[in-house]
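Can you make the complete structure from the sequences, with help from the hints?
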Amino acid sequence: MNITERIFESLSGWSDHPAFIDLDPERGPTYVSAPQFSGRVRDAADILKKHGIRSGFIVALFLNNSIDFISIFLALMFIGAKPIPVNMAFRKIELDEIFANADPHAIIAERDHLIHVRAHLPGRIVLEREGGKLYLHDVGADAARREPAELGGDIASINYTYRGHGYPLGALVPHRQYLDGADVLEKAVMLERGERILAILPMQHIFTLIGCVFLPLLYGVTTVISYSRNPLRLFEAVTEHGIDYVLAVPELYELFLNLREAAGAVPRMKAFLSGGSVLPEEHYGRLMEEFGVELIHGYGLTEFTPVSRNIRGAIRPGTIGVISDCVECRIDSPDANGSGEIMIRTKNMARGYYRRPAETADAFHDGWFGTGDIGRIDNGHLIFEREKKGTRKMKGNMVDLEEVKKALVMYSSVCEAEVEYFNKNVIATVIINPSVNFNDDVLNIKRRMENIIAGYKIPKTINVY
Amino acid sequence: MGNNIQSYDINKEIVEIVSKVTRIDKHSILKENLIREELGIDSLMSIEIIANVEKQLNIAIDESKMSNINTVGDFIKFVELIMDSK
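Line order of the protein sequences matches chains A and B. Note that the working numbering gives residue 172 to position 172 of the first sequence, counting from 1, and the numbers run on in steps of one. Note that the working numbering gives residue 513 to position 48 of the second sequence, counting from 1, and the numbers run on in steps of one.
Keep in mind the hints are simulated off the structure, nothing from the lab. Please note that a few of the clues may not be correct.
Said to hold, decoys possible - What follows is a list of derived Cβ distance ranges for each label pair:
no., chain 1, residue 1, chain 2, residue 2, range
1, B, D527, A, R260, 19 to 27 Å
2, B, A525, A, I427, 32 to 40 Å
3, B, E497, A, A265, 35 to 43 Å
4, A, E420, B, D474, 36 to 44 Å
5, B, K551, A, E420, 42 to 50 Å
6, A, K424, B, L546, 32 to 40 Å
7, A, R260, B, D490, 19 to 27 Å
8, B, A525, A, T429, 37 to 45 Å
9, B, D527, A, L257, 19 to 27 Å
Stated by the list, open to error - Quick list of in silico lysine-lysine cross-link-like pairs, BS3-like style, CA-CA up to 27 Å:
no., chain 1, residue 1, chain 2, residue 2
10, B, K551, B, K520
11, A, K424, B, K485
12, B, K485, B, K496
13, B, K530, A, K395
14, A, K406, A, K389
15, A, K395, B, K485
16, A, K460, B, K485
17, B, K477, B, K530
18, A, K424, B, K491
19, B, K520, B, K542
20, A, K395, B, K491
21, B, K520, A, K395
22, A, K270, A, K395
23, A, K460, B, K491
24, A, K406, A, K424
Stated by the list, open to error - Taking beta-carbon pairs under 8 Å as the criterion, some of the chain B residues facing chain A (in silico):
no., residue
25, L499
26, E502
27, E503
28, D507
29, L509
30, I512
31, E513
32, N517
33, E519
34, K520
35, E528
Bear in mind the structure is a predicted one, so any value in this text is a computation, not a measurement. We put the CB at the ideal spot given by N, CA and C, even for glycine.
Given below as structure tokens:
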């Protein structure tokens, strides 16, 4: 089963409503119908093949949210290539690991992003995107001659995540995960054909991919792609384009609340879909009251999404909802309160981590996947408590504390570093090498880290000793 | 550049908004403060600041043009330019 073929089938049955409305501020709103979008995906597949990208080739994608991102992502899966949707905030430490681990045959990147990937361009097929078009940057003769990766046909993409090892792990995501994820979410949200969902979050995240790409394409819903996260702009888009649903992280909804008064009248929407981090219970009532929406909060991981989600019409605030139909869930070694590691089993979860047998064996046992998160089940509803693994979710982004520590000790003056998470912030303590004439200050360490690690991972506070 | 009274008002408005979002005492916020490294303003906080400044000063700010803004002073100048071009 190839997910792109299923999407072609779905698109062939659409009525006149658009598949996408792209709110690119440079070009103005672009409406793309279902037949036009099918054509775009097929055209993209032809271009990719023309430039030597074949079935089994691994392709690192560095693209901003756009219809092009989606058509290229689907085209790659259609021809059997394995896209890696890479987080655009990643810098040296993450990219070195990903390129060493996956050794992609090709790179497709925004032209102005190539500078961040320049160390990894030689020998690879490189396509650059500029002004909505793809251009050949490098034919990558060496890569074109390389053998395809030995990945099964059931694998759709490689999506990098963290478990606290200090480096990213490439989850092998099957085609059926995207299909199951969309199906589970559809049953919870109960969308109708022709309705509209607003895409705000980066499409590299599996939550966005499922909620704003696969769910709408498979169920006849129009995705409106916003280039802004400013709530005032988003509310304007809601007014102008008749948005029914928004998909975002809890922190963005908190921003909606903070700016509610400033926004004035906001048209009534149907539901907010929320995930990616913790939604404080007190925000449920306020959001539903202030915006007149249902708030559908859920939980998932790159290895499978959604594990659980609230159901429209039967929402229970403070929980991450009921377990998805296709998922078995148990709590491992529960304590007196019933809390323990959340374990899941479903036939369509990630097949493991690419070229990481030890890490795969650590996470996947006897058909079960240990989420690395602590929670409990209360009256059929899953309640998230905290992370057991060495990662923390910050505004929808995952921060691996060990990786931050590694980035700090890459600074020549730092001989030791400790990193902790406190009060929703990453805090570091570093010890300076006494043999080094240390004239720098904390600001210089932070500034240097901007080239080494994603900006959202840089500690807010660094104590120097 | 706007006149002195306008500049003073914009300066005051922006510092008050930054203070409200960051919960840092407005008297501690200096024009030379680095937005990310010193004030700890992340991307969502910057959006909250932008939206509040837009509403307060009745202007529109293009987020994509913010990448070269490093200090509070840079941001104040950026807003002044938008105000002047209104």
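**Study point:** Outcome for the supplied range 19 to 27 Å, where the beta carbon pair is A:R260 and B:D490
**Key:** Taking Cβ atoms as reference, A:R260 and B:D490 lie about 26 Å apart, which means the hint holds.
Point to revise | Holds or violated: B:K551 to B:K520, with C-alpha atoms at most 27 Å apart | key: 15 Å, holds
Check your understanding: That 32 to 40 Å hint for B:A525 and A:I427 (C-beta), does it hold up?
Key -> 36 Å, holds
**Study point:** Interface hint for B:L499, Cβ within 8 Å of any Cβ on chain A
**Key:** At about 7 Å, which falls below the 8 Å cut-off, the nearest Cβ of chain A leaves the hint on B:L499 intact, so it holds.
Exercise for review: For the range 19 to 27 Å, tell me whether the beta carbons of B:D527 and A:L257 fit it or not.
Suggested key: 24 Å, holds
Check your understanding: Once the shortest beta carbon distance from B:E519 to chain A is found, is it less than 8 Å?
Key -> 6 Å, holds
Practice item. Take the C-beta atom of B:A525 and the C-beta atom of A:T429, compute their distance, and say whether it sits inside 37 to 45 Å. Key: Given about 42 Å between the Cβ atoms, the range holds.
Exercise for review: Quickly compare the C-alpha distance for A:K424 and B:K485 to 27 Å and report which way the hint goes.
Suggested key: With Cα atoms ~18 Å apart, A:K424 and B:K485 stay inside 27 Å; holds.
Review point. Are B:K520 and chain A close enough, Cβ to Cβ, to be under 8 Å, as the hint says?
Key: For B:K520, the interface hint holds, since the closest Cβ of chain A sits about 4 Å away, which is under 8 Å.
Review point. Given B:E528 was flagged as interface, is its beta-carbon under 8 Å from a beta-carbon of chain A?
Key: 6 Å, holds
Point to revise | Interface restraint verdict for B:D507 against chain A (beta-carbon cut-off 8 Å) | key: 6 Å, holds
Point to revise | Hint status (Cβ of B:N517 to nearest Cβ of chain A, threshold 8 Å) | key: 7 Å, holds
Checked against the numbered hints listed earlier, the structure breaks none of them; every hint is satisfied.
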